[in-house]
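K.L.:
Sequence:
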Amino acid sequence: MRELNVVMSGFDHYDGVEVNPAYEVPTALAAQGLGDPSGPDDSLGSVEVTIHAVSLPVSFAKAWPTLLEAIEAVHPDIVIATGLKHAARSVMLERCATNLMDAARPDADNVIPRREPIDPDGPAAYWTRLPLRSILKDFTIDSIPATLSSDAGTFVCNSLFYNLLNWMSTQDRVLGGFVSFPLVGPAHSSQHGLPLDQQIAAGRDVVRETVRYYLKPSNADILIA
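With the sequence shown counted from 1, adding 1 to any position gets you this note's numbering.
These are computed hints drawn from the structure, not numbers from a lab.
Built from N, CA and C at the ideal position, the CB exists for glycine as well.
Hints may contain errors.
What the hints assert, rightly or not - Listed next, the in silico BS3-like pairs over lysine-lysine satisfying Cα-Cα at most 27 Å (straight line):
#: 1; residue 1: K138; residue 2: K86
#: 2; residue 1: K86; residue 2: K63
#: 3; residue 1: K138; residue 2: K217
What the hints assert, rightly or not - Pair ranges (Cβ atoms, derived):
#: 4; residue 1: V75; residue 2: V20; range: 24 to 30 Å
#: 5; residue 1: N6; residue 2: P146; range: 26 to 32 Å
#: 6; residue 1: P187; residue 2: L69; range: 35 to 41 Å
Please put together the full structure from these sequences, using the hints given.
P.N.:
Put into structure tokens, the structure is as follows:
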């Protein structure tokens, strides 16, 4: 049986957030796995997928080194970073990481970078390496509200996303990207947020479709614009 390793990261604490889906979703998937990995077909029936969760500080200086340490320990085939968007009403698939730190509030180290490049020698932006089209199809089947997001902002989430894709540009074959979760809220609420179990299901769909794409790449699965 073929084995694939997935590293899935989240953040350990957001001020004022009691239940943080960017911590809970990776932790749950590491414990539960993909469940029935085959879904509607048997394309993953011969693949053993192991998910490793890593929790990161909300820190410009420390988030990426912490994730890189986990990557170097696990040597994953897929890396999926996750974060929290307070104002989101649905799961947001991030398309682009920009080479910019421009914070309006301090990170966990009380640092507030303003209009600074993440990598002065790096490109202006990187595109995700997740199969967004097929992920969205799974979300539709599972009735998970979701949307595409043009970028992950200019705070720690984007900095982590950019560093991840910058590292991936030097690797032969590693897939990855960034997913932003909304706040945890009750089902059918008019307020921001989605139930935690629905967000865990979304994370599982992201991993499942990325594994499928890893095994059998197809241009039809990629959706940027």
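K.L.:
With reference to the structure, classify each hint as holding or not holding.
P.N.:
Do the hints match the structure? See the list:
no., hint, in the structure
1, K138 <-> K86, "holds (22 Å)"
2, K86 <-> K63, "holds (20 Å)"
3, K138 <-> K217, "holds (17 Å)"
4, V75 <-> V20: 24 to 30 Å, "holds (26 Å)"
5, N6 <-> P146: 26 to 32 Å, "holds (30 Å)"
6, P187 <-> L69: 35 to 41 Å, "holds (37 Å)"
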